[in-house]
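Novice: Sequence:
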Amino acid sequence: MASPSKETLPAAATRPVNLRVREDVRDLIDRAAQIAGKTRSDFMIDAARLAAEHALLDRAFVRVDHETFEHFLSVLDRPPSGEGYERLMRAPKPWKD
Numbered sequence: 001m002a003s004p005s006k007e008t009l010p011a012a013a014t015r016p017v018n019l020r021v022r023e024d025v026r027d028l029i030d031r032a033a034q035i036a037g038k039t040r041s042d043f044m045i046d047a048a049r050l051a052a053e054h055a056l057l058d059r060a061f062v063r064v065d066h067e068t069f070e071h072f073l074s075v076l077d078r079p080p081s082g083e084g085y086e087r088l089m090r091a092p093k094p095w096k097d
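Per the UniProt record's numbering: the sequence shown = residues 1 to 97.
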């Protein structure tokens with residue numbers, strides 16, 4: 001059985017979220033949204049989604065066996081080296097003129 005195409009899938013349901021915010025904060029958000037070429041709602045949704053993803057990723061738990069964990073620790077303990085590292089160290093630093 002074929003999966004439905006994008007044209008036949010129903011649009012994702014949306015629900016309102018109401019926020020009370022100080023006027024100066026709303027004005028700041030509006031300026032940033034305008035610069036980004038987004039509506040206030042789209043800007044706030046994108047910012048909230050990104051913050052939510054970061055909050056969840058910061059708490060991700062990864063389970064590995066002892067051998068894999070020891071290998072991971074040994075890689076972290078090695079000083080950086082190699083052609084890629086050397087190229088990175090030679091690259092211009094954007095914070096320096």
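In short, the hints are calculated from the structure, not lab data.
Model, not experiment: these values are computed from the prediction.
Take these hints with a grain of salt, some might be off.
[As the list claims (entries may be wrong)] Between beta-carbon pairs, the in silico distance windows are: (1) Pro80 x Ile29: 48 to 54 Å; (2) Ile35 x Pro94: 18 to 24 Å; (3) Asp27 x Arg87: 39 to 45 Å; (4) His54 x Val25: 16 to 22 Å; (5) Pro94 x Glu70: 33 to 39 Å.
For every residue, glycine included, the Cβ atom is placed at its ideal position computed from N, Cα and C.
Novice: Decide, hint by hint, whether the structure agrees.
Specialist: Outcome of the hint check:
Taking 48 to 54 Å as the suggested C-beta distance range, the pair Pro80 and Ile29 does not conform, at roughly 40 Å. Take Ile35 and Pro94: their Cβ atoms lie about 20 Å apart, and the range 18 to 24 Å holds. Distance hint check: the CB atoms of Asp27 and Arg87 are about 44 Å apart, consistent with the given range 39 to 45 Å. Under the hint 16 to 22 Å, the C-beta atoms of His54 and Val25, about 20 Å apart, fit the expected range.
In this structure, Pro94 and Glu70 meet the distance hint of 33 to 39 Å, their C-beta atoms being roughly 37 Å apart.
Of the numbered hints given earlier, the model fails hint 1 alone.
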